[in-house]
Amino acid sequence: MVRPSLHDLTAFVAVASRRSFRRAADELGTAPSTLSHAMRALEERMGVRLLNRTTRSVSPTEAGFELLGRLQPALASLDEALDSIATFRGNVTGTVRINAPRLGASILVRDILPVMAERCPEVVVDLVVEGKLVDIVSAGFDAGVRLVDSIPKDMIAVAFAGEVSFICVASPAYLERSGEPATPDDLQRHHCIGHRVPNGKLYRWEFERAGQALTVETSGSLILDDEELMVDAAIKGLGIAYVASPAAETALAEGRLRQVLAAWTPSSERVAIYYPGHRAIPPALRAFLDVVKASRS
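Be aware that the sequence shown starts at 1, since it is given in my numbering, and climbs by one per residue.
Don't read these hints as lab results, they were simulated from the structure.
Just so we're clear, the structure is a prediction, and the values are computed from it rather than from any experiment.
Here a beta-carbon is modelled for each residue, glycine too, at the ideal position from N, C-alpha and C.
Warning: the hint list may mix true and false statements.
[Stated by the list, open to error] Within a straight-line C-alpha distance of at most 27 Å, the following computed DSS-like cross-link-like pairs (lysine-lysine) qualify:
{"no.": "1", "residue 1": "K132", "residue 2": "K201"}
{"no.": "2", "residue 1": "K153", "residue 2": "K201"}
{"no.": "3", "residue 1": "K153", "residue 2": "K293"}
{"no.": "4", "residue 1": "K132", "residue 2": "K153"}
{"no.": "5", "residue 1": "K236", "residue 2": "K201"}
{"no.": "6", "residue 1": "K132", "residue 2": "K293"}
[As the list claims (entries may be wrong)] DEER-style ranges, computed between Cβ atoms:
{"no.": "7", "residue 1": "T34", "residue 2": "R56", "range": "12 to 22 Å"}
{"no.": "8", "residue 1": "R286", "residue 2": "S138", "range": "21 to 31 Å"}
{"no.": "9", "residue 1": "T34", "residue 2": "G277", "range": "26 to 36 Å"}
{"no.": "10", "residue 1": "R56", "residue 2": "A81", "range": "30 to 40 Å"}
{"no.": "11", "residue 1": "G29", "residue 2": "S221", "range": "17 to 27 Å"}
Just need the whole structure built from these sequences, with the hints factored in.
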């Protein structure tokens with residue numbers, strides 16, 4: 001048997017772990033058809049089928065799973081060995097791909113990216129703003145940003161940016177016209193700006209007081225899927241909005257919004273950047289994590 005090249009083995013790991021020739025090709029910078037031919041040639045050289053193919057999917061065979069399980073830690077160790085000499089080359093380079101909701105992206109742009117640009121000017125941060133929770137590994141991201149409670153348990157999380165609360169806000173003009181709710185149940189008599197979450201459902205507003213949790217289904221004439229737009233709509237007097245506190249902090253400080261039902265604000269949460277723990281950390285991501293950790297001090 002002719003021993004496969006490191007290039008072929010790396011390509012196999014990309015296809016087998018992504019379960020897709022297209023995604024693996026995007027990661028490796030080649031064409032899916034070229035990758036498919038390379039995998040067939042690899043199977044011929046090794047004398048065993050490694051991948052099951054259909055018109056819509058690709059998955060490892062039993063032999064493919066065995067090879068994948070042995071290759072992943074070996075290639076990770078190789079990457080770590082090569083990355084360990086990065087500091088001897090001078091400035092850290094590379095690209096960090098990060099998936100984040102708008103709230104997390106705003107915090108990164110405000111607090112993290114300016115420091116990152118100063119410390120590591122040759123690192124490219126590719127920030128993709130997306131509301132839904134994605135599998136960052138299969139989607140080709142190095143890291144993601146989410147509320148701590150929504151991060152998968154098999155990921156390593158680094159909390160930053162203080163604590164985030166979800167609050168109800170409305171404009172002074174709206175409250176003068178419609179009155180201020182005293183309890184969450186009073187929201188049934190108000191215009192509430194609905195929040196449609198990425199799975200298509202309407203978000204139910206959550207409240208807490210003295211250990212008592214309460215969930216309210218609200219109604220109104222406006223439904224949005226973006227917190228910044230919700231804040232803008234509340235400023236215009238279109239109703240009461242339920243948003244993460246950082247989204248409304250400027251408008252609150254300027255008096256364009258007022259917080260209501262403050263005594264019913266649920267427990268605060270932390271925002272964190274997270275990444276897979278089973279992989280070697282590339283130098284660019286390691287540098288980014290160092291900036292995130294430093295921001296907490």
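Outcome of the hint check:
| no. | hint | in the structure |
| --- | --- | --- |
| 1 | K132 <-> K201 | holds, 12 Å |
| 2 | K153 <-> K201 | holds, 24 Å |
| 3 | K153 <-> K293 | holds, 20 Å |
| 4 | K132 <-> K153 | holds, 17 Å |
| 5 | K236 <-> K201 | holds, 25 Å |
| 6 | K132 <-> K293 | holds, 25 Å |
| 7 | T34 <-> R56: 12 to 22 Å | holds, 20 Å |
| 8 | R286 <-> S138: 21 to 31 Å | holds, 22 Å |
| 9 | T34 <-> G277: 26 to 36 Å | holds, 32 Å |
| 10 | R56 <-> A81: 30 to 40 Å | holds, 37 Å |
| 11 | G29 <-> S221: 17 to 27 Å | violated, 49 Å |
Violated hint for the displayed structure: number 11, the only one.
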